[in-house]
Amino acid sequence: METEQFNDVLLESAKEVFETMIFMELAKADEPFDPKDDDSLLGTITFTGDMDGCLAIGCTVDCAKNVAANMLGMDPDEQVSSADVNDAMGEVANMVMGSVKSRIQEQYTNIQVSIPSVVSGRKLENSLGEKARRTALAINIEGDFTAELSILYRMHETATQAGLANKEVSVNAADPSTN
Amino acid sequence: MSNSLMIVDDSATMRKIIMRTIRMSGLEMDSTEEAGNGKEALEKLSSSPVDIILCDINMPEMNGMELVKKVRELSNCNDTKIIMVSTESSQELIDELMAGGANGYITKPFTPEKFQDKLSPFMN
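Protein sequence lines, in the order shown, are assigned to chains A and B. Residue numbering for the first sequence is 1 to 179, as defined by this note's numbering. Residue numbering for the second sequence is 1 to 124, as defined by this note's numbering.
Looking at chain A on its own, in the form it has when it is part of the complex (with noise of 0.2 Å):
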C-alpha cells in the first residue's frame, strides 16, 4: 500500500472514530503538528502479521484532555484525571488501528493488534528502526486542537528478514517528562 492510500486509511478511520465515538469532528489539518514546548501524549498501537509497525495519535495533553473529556461525556466544568486522559488516548489509538485493519484487512488478510499504551512527553515520535516506512498525518479537532496520526510500517518479508519482532517497535522520547 502506497503511503498516499494510507493517509487516506488512517483519515477516514479517524474520522469514522471521532464522530461515531466522540462526538467531534476531524478534519485533515493545513498545518502540521507542532506542539513546541508543550508537554503531548502520544497513544500508540503496535500491530504483526501481513505486515509490522505501530499506528500512533499525538496531541497536546490539552488536546487530550478535551477528547477525553467528550468520551466521557463529562461537562466542561469537570475536572477529568490523568488516568482517564492516558486511557482514552490508547482507545482512541485502540479504535483507529481496529478501524483501519477493517478497511485494509481484503490486502492483508494477517495482522495482529495489541494492546494499547500511552507515554506522555515533549517532541515524542515513532520509531520502527532502519527500513521503516512513515506516513503520518497531521488534523484537526473541532477547529481548535491540531494533533498527528501515525503509521510506521515494514511489509512482512523485510520485517521477517530484519528479524523484526513486536517487542522492537518503540517510542522515541527526546526530554521527556513522565507524568
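Where hints are given, some of them may not hold.
Simulated DEER-style distance windows between Cβ atoms [as the list claims (entries may be wrong)]:
| hint | chain 1 | residue 1 | chain 2 | residue 2 | range |
| --- | --- | --- | --- | --- | --- |
| 1 | B | PRO121 | A | GLU31 | 46 to 52 Å |
| 2 | A | ASP8 | B | ASP30 | 43 to 49 Å |
| 3 | B | GLU43 | A | ALA27 | 43 to 49 Å |
| 4 | A | ASP8 | B | GLU73 | 30 to 36 Å |
| 5 | B | GLY26 | A | GLN112 | 32 to 38 Å |
| 6 | A | SER82 | B | GLN91 | 34 to 40 Å |
| 7 | B | PHE122 | A | LYS36 | 47 to 53 Å |
Here chain B is said to cover these stretches of chain A; the calculated rule only asks that three of the stretch's residues, wherever they fall, bring their Cβ under 8 Å from a Cβ of chain B [as the list claims (entries may be wrong)]:
| hint | stretch |
| --- | --- |
| 8 | 12 to 25 |
| 9 | 59 to 72 |
| 10 | 88 to 101 |
Keep in mind that the hints were calculated from the coordinates and are not lab data. The model shown is predicted, which means the values in this text are computed figures rather than measured ones. Where a beta carbon is used, it is the ideal one built from N, C-alpha and C, also for glycine.
Fit chain B to the supplied structure of chain A, relying on the hints for placement.
Showing chain B alone in chain A's frame:
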C-alpha cells in the same frame, strides 16, 4: 423479569463509554457489574451470574476468547448471553468466537443503534 449486565474491558474509559452508549440506546438494565479482565469477570460470575456479558477480546490476564470458554463451563451461567465488543472484525475470528459460545458481536466504533440491535433480542 430483570436484566443484569456485566461489562468486561481492560479500559475503564471504554467501560464508561459502553455504559453511556447503552443509556443512549434506550435499553434499561437493572444492574451493571464491571470487570477489568476475564479473570476478574470469572470470579464475579462464579458467585453472581448475570443475564448479559459485554466482553472485549484483547485483555491482559485472561482474554475474551478464554473467558467465553470458561463461562460456558459455569453451570450457573447456562442462560447467560455473551456479546463480544471489539475492534477486531475478521469473520474468521467472529466465527471462532461464536463456535466457542459467544452469542453476538459488536465492532468498535459502535453506535447506540448497534447496541439496541444486538442486545434487545436477549433482554427479558
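Right, here's what the structure says about each hint:
1. B:PRO121 <-> A:GLU31: 46 to 52 Å: Given range 46 to 52 Å: holds, Cβ gap about 48 Å.
2. A:ASP8 <-> B:ASP30: 43 to 49 Å: Once the Cβ atoms are compared, 45 Å apart, the range 43 to 49 Å for ASP30 (chain B) and ASP8 (chain A) holds.
3. B:GLU43 <-> A:ALA27: 43 to 49 Å: With Cβ atoms ~45 Å apart, the hint holds.
4. A:ASP8 <-> B:GLU73: 30 to 36 Å: About 46 Å separates the Cβ atoms of ASP8 (chain A) and GLU73 (chain B), which means 30 to 36 Å is violated.
5. B:GLY26 <-> A:GLN112: 32 to 38 Å: holds, 36 Å
6. A:SER82 <-> B:GLN91: 34 to 40 Å: Check passed, 38 Å falls within 34 to 40 Å.
7. B:PHE122 <-> A:LYS36: 47 to 53 Å: holds, 51 Å
8. 12 to 25: holds (count 4)
9. 59 to 72: This one holds; 3 residues, not fewer than the three required, reach chain B with a Cβ under 8 Å.
10. 88 to 101: holds (count 9)
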